[in-house]
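Enquirer: With the hints as a guide, bring both chains together as one complex.
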Amino acid sequence: MALVKLNDLEVEVEDGTNVVEAARQHGIEVPHYCYHPGLTRPANCRMCLVEPHVFFPPAGAIVPDRQLATGCTTVLRTAPPDRKLDGKYDFIVYTDSPRVKKAREDILEFLLVHHPLDCPVCDQAGECDLQDYSYRHGSDKSRYLEVKNVPPKKDLGPDVLLYSTRCVVCTRCIRFCDEVAGSGELGLINRGSHDEIDIPRSHEGTPIQLLDNKLAGNVVDICPVGALISKDFLFKSRPWFMDKANSVCSGCSVGCNITVEYKADGVYRLKPRFHEDINQHWMCDDGRLGYHYVNSDDRLQLPLKRVDDELTPTHWADALTVIQEQLSEVTAEDIVVIGSAQATNEDNYVLQQFAHDVLQTTQLGLFGQLPGEAHKFPQFTIEADKNPNTAGARTILGSANGNVVLEDEALWEKVSNAKVVYLVSGAPERPLEDAEKAALESVEFLIVQDVLPSEVTQLADVVLPGTTFAEKDGTFTNSTGWVQRIRKTIDPPGEARVDWEITQQLAKQLGGEMNYHFAGEIALAITENVPGYADATHQNIGDAGIKLT
Amino acid sequence: MIKKIEERRILYEHLDVPDINTFDVFRQYDGYTRFEKAIAEYQPDDIAKMVMDSGLKGRGGAGFSTGLKWSFVPKDIKPCYLCCNADESEPGTFSNRYVLEKNPHLLIEGILICCYAMGIETTYIYIRGEFTLGKKMLDAAIKEAYEKGYLGKDIRGTGLNVDIYSHPGAGAYICGEETGLIESLEGKRGQPRNKPPFPAVEGVFMKPTVVQNVETLCNLPFIVGNGVEWYTQMGPTYADTRSDPPTPDPNTGTKLYCISGDVNEPGVYELDLGLTCTELIEVAGGLRGEEVKAVIPGGSSAPILTHYELDTRLDFTSLTLAKSMLGSGGIIVMNETRNIVDCLLNIMKFYAHESCGQCTPCRWGTPWVRDIVQRIADGNGRKDTITRPKFGVAENGRWGDTGETEDIYEDLDLLESVANNIANVDTMTWNTICVFGIAVSWPAVSYLRKFRPEFEAAIREGKLVTLPVAEATVPPEENYAYQQRFIPKEFADL
Ligand SMILES: Cc1cc2nc3c(=O)[nH]c(=O)nc-3n(C[C@H](O)[C@H](O)[C@H](O)COP(=O)(O)O)c2cc1C
Ligand code: SF4
Ligand code: SF4
Ligand code: SF4
Ligand code: FES
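Top to bottom, those sequences are chains A and B. All the letters of the first sequence, read from the start, carry residue numbers 1 to 549 under the working numbering. All the letters of the second sequence, read from the start, carry residue numbers 1001 to 1494 under the working numbering.
The shape of chain B in the complex, shown without the other chains (with noise of 0.2 Å):
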């Protein structure tokens, strides 16, 4: 019996309260109360502290600390910019698309935070050309609160300045990357730029540049107004054993999870971190279908889950301890129906029509493995006619030799090393400028690793077939003794 939980909604407590969206029924809902308090209360850098006590980390994707992130801008250089991220484009990721659609003036509280604490007088909102709506609805709030003077020039006597202008993209995933969307807003091809310098040192016209996603800004309001402490209790703080002594690993506050799929009732949900696959099926509605077959954790970029994985619970740490991510929070779920090859087609279709083209190994390694994987989907998958010693989880427990023989699938040997040379998924190392590679090859490996059965069928029978999930996928232990192989002694313990 799984008990119930319940919701915890904080940034979207007041979501469905009418008109929220205007500035007076914000404001009756505590609205800007908390920049007040701050500007009030605190110094720029006490804010800066609780953020950084706080453990937030940042929601657009990479799980970066944002105190951390914040610390590394230059304080002796000005301007300095806070670009928000609202490009939100990940497949299965919607939650920053309500919170710009109907309660706007919570993400401009959350940016007037971050520029008090930050001394910041521009921000930029690169948001995403298809929400025309949400782009409405935000330069509206935007005006009303330059009309009540929130925004402008010493906002409410304080000496404070910030200027907030939107900016629609033009319709490119890889501008949701922080310099690719930098780029983009400075009028360039949106082309990602090698790092380092980061942005927090060289980000906007050359100058220091905090990125943030829509979610990690609106968190600011809530984690100033009721203190650091009542934030720390949602989500599990883990133990870092890697330093010595070990250091705290903080996973706190909610997530807005974005759950589609084979749930009865997809949606945005805030829960704490830290709840398992099954906890959020069942928050969702449950499963739509008999068993789950697969779970995507994290946007179509993370390594995907099987059904021996529900366990997972799905905060930052436990995820890149699965080898995998939670990413954007984009949360898709399969049932036994789904053919996982067809999933992958339809990934790489994505990602092939999405690469910038800037380098080599993902300009042209990406088509190329969209294509094997049609090639596979559509019944023209090779397999050698010979076959090889069969490898696998020896009697010692380790990879090795198990004395039978295999087929070789030479069309899987090859789907796995193309992506691993735009990417490698075990030494996690890439040939790219940014890590859209990795994004590429993350699915492609872990779809391929651990529904293996499935692809081999597709092969041997020339068409797409879908097995039952027992049969479908790899046990995981296999599937970690065949990793292992693959990592360089070198690495094992970075």
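Isolated chain A, as found in the complex (with noise of 0.2 Å):
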């Protein structure tokens, strides 16, 4: 720990912080573009300057250093006992003096002269740093008089447009794209006040290499500015408009941690968000732009049942009903009951607990998304697994006792041989192979509770709509055994309800006893009964979850 003057505190910081972070750590904002934590420092940006104050012999006295340091490249360091300051600093530095402040006020004006000043359409307005530093360190007046740089808009790759005129230059997303996603598509091209952004081109000007690697929306999230913006989001809906909820992506079994903006009507991006051992400040493009089910128009609003060979719209108490009439004809041998990778901890809780005491059956089926393509990056790994809940899905199905978790083709074969299955699924988008198909289609009854019509949903003879990740709470076990929460962000559509109420109403309906009131409820019972889970209640999984021991 070095003991450093920041202004006119003294504060304790670790061995080897830079000024920029020790300085947020105690609630000062030193502003920068070029720096970003999870990328190398450049310092090109001069934005943060701060004042570091040493001591000069031939005055025998601490003083102003002649020249300012940049923050994001002065590292905090104990000090040999014969070089405190004032007889015990490591460090004396002020993020706030005159020269400082004047430094920002220059170099502000310098980053504005070729700018277009187009924050009213400009996507980042509300959340850009050239913004929010200008209001708070800059100048409110302009003395550039000439005619400014007009460098043109480019089409970078699939998600990612760039706006060059509002580029800084901080080269964050070129050292993104060479250290983390270790591709390095994006370069500078021309030199100094001609400096852009782009990717590689002919000598006509068509793209050789487009920005289209996997991780490439990140670009969009590091660039301090509104040069680079997203295709997807471009003119939905300004940032101050939307509320936000931390939660986990769904996308794969890493479980980036991220946070939901969305607004009524639906979600409207997906932003990474910090966790050290799982995704740093990063997510995939999968991830990202995998919401889109959430607010499609398909979704599944009400519950179907067969009739004449046709699924057709019913109520919630006819949907039970029918279920129970079935179920009151099968022994426990005849029923299978699926849970889902993509559903939470608590609802294949609820799932199991229901197929357990319920219904008395301890056959118990693992669904869910097929295995796609792993991605391995110099910083970031994509998984193949594209379930955000295999492993806690896997554990909590086959946490009562006598419970058999069947997967792939013993689960099929459990299913050929089955009289009713309750096949909670959560993966739509899931193709059926002929097998799966036939063992399916063999059933007498199939009870299907998805968020979207399916080739699943196709076979079933009651349909129940369920949610996706954005309109519930709970929680995903990752690949490495982090627990996470997930939390609800907009209502589900028409009549569609969480997937756990649903089971838990079917059990009700069947005379069981069960009477949960919300997710966290579940969690506890899952923290008693489920071995390894002792400690994930959700107020200690929090927002930085929790890793299983």
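Just so you know, these hints were derived from the structure itself, not from any lab. For glycine and all other residues, C-beta sits at the position ideal for the given N, C-alpha and C.
Derived BS3-like pairs: lysine-lysine, alpha-carbon spacing no greater than 27 Å straight-line: (1) B:1078 with B:1153; (2) B:1383 with B:1349; (3) B:1195 with A:5; (4) A:102 with B:1390; (5) B:1188 with B:1349; (6) B:1390 with B:1463; (7) B:1323 with B:1349; (8) A:101 with B:1195; (9) B:1188 with A:154; (10) A:148 with B:1349; (11) A:84 with B:1195; (12) B:1383 with A:141; (13) B:1323 with A:102; (14) B:1207 with B:1049; (15) A:244 with A:263; (16) B:1188 with B:1136.
Partial selection, computed: residues in chain A whose CB lies under 8 Å from chain B: (17) 44; (18) 46; (19) 49; (20) 67; (21) 68; (22) 73; (23) 103; (24) 110; (25) 113; (26) 114; (27) 143; (28) 169; (29) 188; (30) 191; (31) 195.
Among chain B residues calculated to face chain A with C-beta under 8 Å, some are: (32) 1189; (33) 1353; (34) 1355; (35) 1359; (36) 1368; (37) 1371; (38) 1414; (39) 1429.
Expert: If you want it as structure tokens, here you go:
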């Protein structure tokens, strides 16, 4: 720990922390553009200038250092005993001295000379570091009278647009592609004030390589201004009109921490949220752009039942009654209950409790998205398992005495011999192989709980409309054993309900005793009954998650 | 009457000998004997000490003590590299070029001595891309030196290995800056690095690297060959009184002064350090024209000198005290016909084009400065309609209200302010990554302050007006007093 005099505060910071971070830890803003904690530090924007004070032997006193230093590259460390300042400080630095304030104002003036000042039509307005710092540290007028550079707008790749006029040439995007993605699509062309970010192009200007790596969307997040823009989000909403909730990506078993940004009418975008051990600052584009099905017009909104071979809308009471009738005609051995690697631990817990206690069957299965491709980048990995909760579902479905969790061939074998199957899917896009289809077709009465019409719902006798990750609270367990929370953002469409509530309703219909009121209550039951989850209350998990031991 | 000053040719002594670029002729003129002497008579550390004692200062621009630079190189990290800076691109500078084109073996000998002293086995010569002839001659000389066994493995049976690679630049002034050069050499965009770490600690391929100008290296054979005592006789040694007791501040050796502009015989002159401007103009065949209006003493980055300052001695220390610099030794003389606004415009066009664009103040400030000067030169400079109290040297001799009023030239205030925001010439502080920033604001601010009447005239008249020298120049006392008010108290004694 280094003892630092930071303005008029006396603070302790860990050795190796830079001034920007040390100040941030103590609620002091040191404006910066090029510095990003997940990337190398070129110190090129010069926005983070601070004033170190040093011992000046001829004067025998501590004086402001002649040159200001860049806070991003000024690293605080414990000084040897004979080099302490004022007898105790390892470092003295001011972030608010008159010189620092003047330097900030000067840098901001330079940053704005060629800037189009088009905030009213800029997507970034409201979350733009240039806008914010200009308000807080800049001048209120411009002294620039000359002609502004107007470099062209560029289409860099599938989801990324570059408004070159707004670029402050901090090179974060270039460094991201070099260091994290490792594919290096971006670079600078031209020189000096004509610097432009670009992708490799032929002499005629046709792209040779697009910015199309699977992490490309992150450059939009880290661009401190409105230069890099997501086509998916372009002109959809002002950032301040959206609510935000901390959640976890459901795209694969990595379990990237995310923020879901939403309004009453749907989810608008997903942004990565820092987690040191899981995704650092990043997420992949599959996850980022994978939320669209939540807002789909095709979402299942009412329960459906098969009438004259047609799935027709009905109401909940009717659907549950139909199911009750069917279940009362078969014995426990003829029933298979299938949980989902897409559903939360809470959903699966209630489901297995229903199977075990009410239906008294121990025949459980696990359904989910088919494995896809894994992608490895220098500083990021996308997993092949495209389900967020395979690990959690497996443990929890199998947690009650005697439960067997069948998967793959064993499961379909079992299904083909069953009379009634209750399948919680949550993976509507999953294609069915012929054998799987045949197995499901052979079932006398198939109950499917899903969010969108799918190959599985096609075969169902009753369809129950469930919910996506954006519409419920709960927890996922990722491939490395982190249990993390997702949070309800928007209401489910129509009559769709949270999956565990549907299961609980069904249990009640069949005379079972189950009375959970919210997901956290189920999590408490999990802590008592599932090995390894003893600490996994929602409160403990919080925003950072907990790692299973 | 000015006494006749003779050139003292040391580096350039044999420059005009036919075929001196070949090994055999070079050998006839003591070629490589100094290197052989170094190996035979001295230990590497002795050479480093000789260089330190000789007081040799880098000739590339910064004027940093070469011996001191070598002492910063960690001895325990290998490999260590030597980078010879032959990117000579400072406007007004053309001395390295003749060495490369005419006497490349001298450079190779200097490199060998440096390599021996520092235990270096690999040298890169970063040569300006436009020097096609220089590169051709240099490459031929390198090839010959390999053939004769003066380069390569086990040089002349001494166990010393030295390889030299010559690498052409791709046309960027900023690749002359040592870390820009290193980046470019490594195959990256030529953008200077943040310092520290300095190249002496982390340079080429993140290994310790000595970066040295061609002229600096060419001094080494003579220091070794003729001894430190002989070398230190040339040029003045001052006393640095900032330390107690005062330390010697050597400006030893000769300098290849590149004299251009309004003189009768422009060219490179090798002279002892410490001559005055007036003497130098005389050496170069005298002034062309009626009177000297201004002199650029050290390449276009250096603050300009007025006719009041012609007695300034052209050495590192004297020019620093005169708030200018010897820089690369590129001296440009201007006579009464030159318009200073126009000169500044020319220089600012160069810098705006050459900024590497890496850091904010320089990337966007330099073209802005150029545009303001352009506007003034075009006759579109702004002048306010109101006046303000005139500040100047008041009765007590200090800066203060003179009781008069003056016009407000908005664009001149703006020009000075923008230039100082890139790098402040009064406090010598800069917010940029490299000192290119100060190379921009130094000329901008010094031209403006020292020749302000000409800038004002351009705005007033709406066109470029060349004033008579006496009218165009601000007297030094006034300029000095003006500068003093910008220097914060806490810096006054630093
Ligand atoms: C903008 C800029 C341009 C420079 N250009 C050159 C150059 O063309 N040639 C050169 O030798 N040094 C140049 N320098 C100086 C080098 O950075 C460095 O100080 C020098 O090569 C060190 O060698 P020396 O100690 O032998 O002078 C330049 C410096 C700056 C800041
Ligand atoms: S980048 Fe920022 S300052 Fe620029 S237009 Fe967008 S919101 Fe405004
Ligand atoms: S596009 Fe954005 S991230 Fe990239 S250099 Fe410009 S401002 Fe920085
Ligand atoms: S000061 Fe200018 S030349 Fe130097 S690094 Fe910054 S932008 Fe490049
Ligand atoms: S954040 Fe420190 S220089 Fe850019």
